[in-house]
Amino acid sequence: MSITIIYTIATLSIIGTSAAIILYFAAQKFKVKEDPRIDEIEEVLPGANCGACGFAGCRAFAEAAVKAPDLSELYCPVGGNEAMDKIASILGLESVKKDPRVAFIRCNGTSEHRTRTSHYDGIKTCAIAASLYKGETDCQWGCLGYGDCYEACDFDAIEMRPELGIPAIIDDKCVACGACVDACPRDLIELRKKYPKNRKVVIACRNKDKAKVALNACKVACIGCGKCVKECPFDAITMENNLAYIDSDKCKLCRKCVPVCPTGAILEFNFPPRRAKNKDKKELSTAK
Amino acid sequence: MLKTFSKGGVHPPGNKLSAGDAIEKLKLPESVFIPLAQHIGSPAAPVVKRGDAIKTGQLIAKSSGFVSANIHSSVSGKVKKVDLSLDSSGYLKQGIFIDVDGDDWIEEIDRSEDLIKEISLDRETIIKKIQEAGIVGLGGATFPTHVKLVPPKGMKADVLLINGVECEPYLTSDHRLMLEKADEILIGTRLMMKALKVEKAVVGIENNKSDAIELFKEKTKEFSDISVVALKVKYPQGGEKQLIKAVTGREVPSGALPVAVGALVSNVGTVFAVYEAVQKNKPLFERVITVTGKALADPANYKVRIGTPTSLLIEAAGGLPADTGKVISGGPMMGVALQSIDVPVTKGTSGILIMREQESKREEAANCIRCSRCVDVCPMSLEPYYLKLVSEKQLFDKAEENRISDCIECGSCSFNCPSNIPLLDFIRFGKVTVGQIVRSRKK
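Sequences listed follow chains A and B, in order.
Residues 1217 to 1504 in our numbering are what the first sequence spells out, letter by letter.
Residues -13 to 429 in our numbering are what the second sequence spells out, letter by letter.
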C-alpha cells in the first residue's frame, strides 16, 4: 500500500521536473524579444483604442512609437501633449508639441432657422439620406440631423439636441479623435484649434450656394458678402465659392467679424458679454 | 407555356389605371427648367446664354464627353437664366430656364404625320442623327443611345430586343405608345437594326397587354426580320438582363455588357424617338408620361415637353388629391419620391405616381427572420439580406465581393420581405459607395 503511494509520488515528480526542464529550454529557445517600453508606453496612453492616431489601437501606436526614429509622425490627440511628453521621456526622444484641437459642427441651421420642406421617410442615417437627396430642408449643405457623428463618438462628446434638430459638441469631453469628421457625409465637422476657456469664433455654415438660394434655405447662412474678410485684421478669413472660412490657427479671437456679418452666420462662444456700445452695433447689424 | 426569366421575380398588382386612355398632348407650360444632367454620364454644356431667343427643337446644350447627350429646347421663347434648381435627383442641379412665348419649331423638323417607310440613309448617318438628336434610353436608365449602338471593339450584337414589357405597375406610357405608334416603332426598329448591323429583332411584350401583342403580330407580317414574343407577366422583366434571358435564354455574365452575349435592348419609347430623329429630323424634346394614382381624378397618358413642371401634369389629371402622401417620379417599385412638385420632367421620367397617405406609409421594420425570401425573389441571384447587413455596417469590401454592383435596384427584395425591412435602401447606399470606391481605384 505505502509502496504504491511512493511510486506515484516519485513518477509524478520525475514527469513534473522533466517537463519543467523542457519548458525552460523551450522558453529560452523561442523567446519573443519584446521591447519593455511598449508596455510602458501603453500604460501612458489613454487606452480608448479610438484610432485617432491612425493606428489600429493604443498597442499598435506604442509598437510603432518604439520603432520610430523620432516622434514627428506620431501624435495621440486624446492624450495630448502631456501623454506625448511622457512617451518622449520613455523613449529618450524629443517630444513634439501640438496645439490641442476640438471638433466643431459648422452648421447653425436649427429648426428655428431652417424650415422643413419635406418629410424623410427613409432610413435615419445621415450617410443614406445624403446619398438620396438634399435633406428635409432646402439647404443641400447643412446638417441632416440623424446623428451619424453621435454614433461615431466614443467619448460621449456629442449631444443630439432633438429640439433644435442639429447636434452639438461638448468641448470639455471632445478629444479631437476625428471620428465624427469622417462620419459626417456633409463634411461639416472640422477640428479647430482649442483656445483657453473654449473660446471660439467660427462661421457655422458650409453653404456654397449664391446668396439668394442660401438665404431662402436658411436664415443664418453665409451669403459670401465678404464683409468679414475685409474686417479681419489678421487675414484669418478667406472666401471661396460664396463661403467664408476662418482659419482657427490665424484667428486671434478679436471678434471684430461677428457684428459685421449681416446674417449672423459668425458665432462666438464663451466670451464675456460685450460692452454696451458694441452690443448696440451688433443688434443693428443683425436687424438689417 | 409563355417565356419569362428563370430566377426570382415578384408579382405586384398591375394597377394599370390609364391603359385605356389615349395619349393626349399637354398644354405648353409658361416656363420650363431644362436640367443639363438628364442622362448617365457627364452633364451637357450649355450653348445659349441669358436673353437668347430660341426656337423649339434648337440645340441648347451640347454633349460634353463620350458618354453624354445633346439637349434641345422643348419650347420657343427666351432664355431667362442658366442656374441651379431642384431636379428629381433631390439636389440642386444646373439647368436652363426658358420663358415660353409660343411654339415656333425650327424649320428642319418635318411636322407632318406622314409615315416615312424608306430607309435611305447609311449606318453612320443614322448613328450621327441619333447622336445629334440627344436620344437616351427612355426606359429609365437614360444611357445615351448612340454610345450603345457602337459596341466595344471585338464585340458584336446579333439580335436587337425591343422592350415593350413595361413591368412596372401603374405605368402605361409604353403600352399606349405601342398601340398608337406601332408603324413608327417598327420602322425605328429597322433603323436601329441597320445601325447595329443585326439581321434579327424581337419585340418582347408582357401578356397583360394582349391588344399590343395582337397589333404587333399583325403589323410584323410585312417585316419578316422582326418577331413578337408574348412574355409571362413577372416583375422585373423589363430589366435589360431579365429580358435577354426571357427572350433568348442567354445569361449576361456579372459585370458584363449585354452585347457580350450578342444582344442589345432598347425601349419602345427610345425606338420611337429614333424614328422621329432619323426620319423626321426631330430631336428628343418631348415624351409620353403616365400620370396616375388611385386617388387621382383622371389618370392619363400625356405627351409632355421636357422641362415642364410636374405640377402641370398633376393639374391636367385632376389636381393633387387632398390625401396625397407622396408624389413619385417613375413607378411604385423603382421610382423616387419627389421633394417638390415644381421639379421638371426629364428624358428619364416615365410616369408620375400619386400615392395616398395610407399607401405611402412604410410599415415598421422588424428583425430579419432568416426566411430567405429576398434571396428567392432576387432576379440577379444576390443575397439581399447579406448585402443589406454589410452596407449597414459599411463593410464595403465584403459588399463588393458579394457582387453588390450587380444589383439592378428593382426592389423585389424589399417588396417581398415579411419583416418589412427596407433592404434596397441599404443596398443602394452600399452600391453607390462601392461604385465610388471602384472608380477611385481606377484613377
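Take the hints with a grain of salt, since some may be wrong.
[Said to hold, decoys possible] Not close to chain A: a few residues of chain B, all C-beta gaps over 12 Å, as computed:
id : residue
1  : Lys13
2  : Asp69
3  : Arg109
4  : Phe129
5  : Thr206
6  : Ser326
7  : Arg425
[Claimed, not checked] Label-pair ranges, simulated between beta-carbon atoms:
id : chain 1 : residue 1 : chain 2 : residue 2 : range
8  : B       : Phe52     : A       : Ala1272   : 29 to 35 Å
9  : A       : Tyr1240   : B       : Ser240    : 43 to 49 Å
10 : A       : Asp1370   : B       : Ala352    : 41 to 47 Å
11 : B       : Ala352    : A       : Asp1465   : 49 to 55 Å
12 : B       : Lys139    : A       : Lys1466   : 41 to 47 Å
13 : B       : Pro239    : A       : Leu1309   : 54 to 60 Å
14 : A       : Ala1276   : B       : Cys357    : 50 to 56 Å
15 : A       : Thr1224   : B       : Lys379    : 27 to 33 Å
16 : A       : Asp1286   : B       : Lys379    : 47 to 53 Å
[Said to hold, decoys possible] Output of the computed footprint for chain B on chain A, the stretches with three or more beta carbons under 8 Å from beta carbons of chain B:
id : segment
17 : 1285 to 1292
18 : 1378 to 1392
Note that these hints are calculated values from the structure, not bench results.
Idealized CB from N, CA, C, for every residue including glycine.
Okay, the hints, checked on the actual structure:
With a minimum CB-CB distance of about 27 Å to chain A, Lys13(B) clears the 12 Å threshold, and the non-interface call stands. The claim that Asp69(B) is not at the interface with chain A is violated, since a C-beta of that chain comes within 12 Å of its own (minimum 8 Å). Every beta carbon of chain A lies more than 12 Å from that of Arg109(B), the smallest distance being close to 41 Å; the non-interface claim holds. Every beta carbon of chain A lies more than 12 Å from that of Phe129(B), the smallest distance being close to 21 Å; the non-interface claim holds.
With a minimum CB-CB distance of about 42 Å to chain A, Thr206(B) clears the 12 Å threshold, and the non-interface call stands. For Ser326(B), the requirement that its beta carbon stay farther than 12 Å from each beta carbon of chain A is not met, with the minimum near 7 Å. Under the 12 Å C-beta cut-off, the non-interface status given to Arg425(B) relative to chain A holds; the minimum distance is some 15 Å. Against the hinted window of 29 to 35 Å, the Cβ-Cβ separation of Phe52(B) and Ala1272(A) comes to about 42 Å, which falls outside the hint.
Against the hinted window of 43 to 49 Å, the Cβ-Cβ separation of Tyr1240(A) and Ser240(B) comes to about 58 Å, which falls outside the hint. At roughly 29 Å, the beta carbons of Asp1370(A) and Ala352(B) sit outside the given window of 41 to 47 Å. Between Ala352(B) and Asp1465(A) the Cβ separation comes to about 50 Å, which falls inside the hinted range of 49 to 55 Å. Between Lys139(B) and Lys1466(A) the beta carbons are some 55 Å apart, a value that contradicts the proposed interval 41 to 47 Å.
Under the hint 54 to 60 Å, the C-beta atoms of Pro239(B) and Leu1309(A), about 56 Å apart, fit the expected range. The given range of 50 to 56 Å is broken by Ala1276(A) and Cys357(B), whose C-beta atoms sit roughly 41 Å from each other. A hinted range of 27 to 33 Å is violated for the C-beta pair Thr1224(A) and Lys379(B), which are about 57 Å apart. The hinted window of 47 to 53 Å between Asp1286(A) and Lys379(B) is violated, with their beta carbons roughly 38 Å apart.
With 0 residues having a beta carbon nearer than 8 Å to a beta carbon of chain B, the segment 1285 to 1292 of chain A misses the requirement of three or more and the stated coverage is violated. Only when three residues or more bring their CB closer than 8 Å to a CB of chain B does the claim for the segment 1378 to 1392 of chain A stand; here the count is 0, and the claim is violated.
In terms of the numbered hints stated before, the structure departs from hints 2, 6, 8, 9, 10, 12, 14, 15, 16, 17, 18, listed from lowest to highest.
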